[in-house]
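A.B. asks: Here is what each chain is made of, one letter per residue.
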Amino acid sequence: MLFHVSDDSLLRNKDFLGGVLLMAVGATAGFIAQDYTFGTPLRMGPGFLPVCLAALLFLIGLSLAARSGATGGRINVAGTLRPLIVVLAAVAAFSLMIERAGLVLASLVLVLICCTAQPKYPRNQALLLAVSLTVGVVCLFVLALGIPFQIWPF
Amino acid sequence: MDLFSNLAIGFEAALSPMRLLYCLVGVSLGTFIGVLPGVGPLVTISVLLPITYGLDPTSALIMLAGIYYGAQYGGSTTAILVNLPGESSSVITCLDGHAMAKNGRAGPALAIAAIGSFAAGTIANLIVAAFAPVLASYALKFGSPEYFSLMLLGLVTAAVLSHGSLLKSVGMIVLGLLLGLAGTDVTSGTYRYTFGIPDLSEGFDFVIIAMGVFGLADIIANIREDQMRTVFSASIRNLMPSREDFSSSWKPIFRGTLLGSALGILPGTGTTISSFMSYAMEKKLAKDPSRFGQGAIEGVAGPEAANNAAAQTAFIPTLTLGIPSGATMALMLGAMTMFGIAPGPQVMTTNPELFWGLIASMWIGNLMLVILNLPLLGVWVKMLQVPYRMLYPAIVLLSCIGVYTLANSTFSILLLALFGLIGLILIMLDFEPAPLLLGFILGPLMEENLRRSMVISRGDPTIFIDRPLSLIVLLIAVALVASMLIPAIRKKKEEAITEEA
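Those protein sequence lines, which keep their order, are chains A and B.
The opening residue of the first sequence carries number 1 in this note's numbering; numbering runs sequentially from there.
The opening residue of the second sequence carries number 1 in this note's numbering; numbering runs sequentially from there.
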């Protein structure tokens, strides 16, 4: 933690954070929707429902946050950051590689990155898993289902 | 008799060798993935969706339905053997099922779960076949106001019956509706919430949302918990239930079937609530309620029958009205749209082969489950011993490939990561993501029907209470919300739907 937040602070209250999140999304969605024609009830424009829903979302968020002192439990983020970053990085790497480097390399890299989500993942197992899953998906999607994939970089 | 000639069309369509094969592959793959701890039907269907892309719509839906039942049954297996429910509807099976397994009676528990599910499936199937056409012919008379009110009722029920805070689930529904509106507005052609990205001009793809919010987010959360589950190693002897087991199970199975069939039809209810209610009912009816929780076979038979019956009759509103009764059905509905079939009462007349073929294949799928699962139990037990660290990279890989093959777009994979992040935030903040998917599917439909209603009524919103049917539906919705404001009922609901039951 970069800064100290006391245990019973609202900043650790699930319902307070959730309410603020909904308010933020509602406000943003409503702001964007101002560019769309609102229209009249008879001729509802593309902005009609988005504006109404965004306002509703904002109000729900507001009342959730307002009552959070009584309702919300404490959020526990311990240990989530590593799997989060690792898995998202693995997915992002796959999306960058699939068309340039092909299915085989992209799959190998995805599995190997994924394995680092858990500390002390046995290296041999990770390699074995990466190879066998890659063989598996190539067999399933390319050979059995015939989906056209870029398989190799060349 | 119409019913039988209709079923004949269905069996003719479903019994072709290729379709039988698809059904078999669906059921086995569904069980195979569904048996993995912490992987429910939603994740299973979304991960396996890509393998159906190449099929014709009927075969694809038959296979998807097979995957659905397989996953449902796989979830019960996990619940009984390792006390880990794959999804909320098998939570209740954990109680007595796992207790039976600890008493060395895992075999009979699994067998009665399969047999009960099959019996329930058979009866529920006939109910679907008899009831769906009636509802569909009725639904043809529905106008936009009725549809709008029905969808509203579906959303309200989903919000009221999901566990946790009502305010939070309503928030999720509204967020889902907003997400559903993204893309090109059909009436005006305006791009909404596309952020100038051409890939978003068609809106978000429901598969990406489902995989991100349910699949990826769950995986990330599970890695953290570093599932130190006790691997079930005892061998399963004497699979067959004894004569006493049967004689004490058939009544709960029958009661569970009726209960589940009735609840499954209602929009928004689904499988979870019916299994909980069946358990409560069996416990009330039992001569010696104290046996429950200690391995009472009635506590496995009833709820398993109930949730399977509900899983089947849930297809009635989905197929005839185009209104999904839960997140899983929303996924099936999304798949139908993907194959170019507009869900609604007209499906039965325009695609009778698909409609009745699907119904017939539900029964065939259930039969396959019984035949397949009992002998293959050893294999499923082995699956349970696969450590989580070997599992999650596989699911991440399958999700990425599945999303990519949707439109051969790398942008979709990045969106998957984004929705994984959103899903994780929602999990951390105790938001239930299932209503979000329901709202997402219904968003565009509701907007369309709201617009049409307003045009019919020349902008007068009282049209929704002037039409009798629409009024009744809205009154039910209001009554549901009002009932949640009565503390006693709310408390009962919390008791019935607590996650850690």
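Just so you know, the hints here were simulated from the structure itself, not pulled from any lab data.
By construction, the Cβ of each residue, glycine as well, lies at the ideal position given by its N, Cα and C atoms.
Among the hints, erroneous ones may be present.
Stated by the list, open to error - Partner residues are not named here, just some residues of chain A that face chain B (Cβ under 10 Å, in silico): (1) L11; (2) D15; (3) T71; (4) G79; (5) A126; (6) L140; (7) L143.
Claimed, not checked - Here are some chain B residues pointing at chain A (derived, C-beta under 7 Å): (8) R192; (9) G196; (10) D199; (11) C400; (12) L414; (13) D430.
A.B. asks: Each hint needs a verdict: does it hold in this structure or not?
C.D. replies: Hints and how they fare:
1. L11: 13 Å, violated
2. D15: Result: holds, 8 Å to nearest chain B Cβ.
3. T71: 7 Å, holds
4. G79: 5 Å, holds
5. A126: OK, holds: A:A126 within 10 Å of chain B, min 8 Å.
6. L140: 8 Å, holds
7. L143: Violated, about 13 Å.
8. R192: Given a least distance of 6 Å, the restraint on B:R192 holds.
9. G196: 11 Å, violated
10. D199: At 12 Å from the nearest chain A Cβ, B:D199 fails the 7 Å test, so the hint is violated.
11. C400: OK, holds: B:C400 within 7 Å of chain A, min 5 Å.
12. L414: Holds - the Cβ of B:L414 comes within 7 Å of chain A, reaching about 5 Å at its closest.
13. D430: 5 Å, holds
The earlier numbered hints that this structure contradicts are 1, 7, 9, 10.
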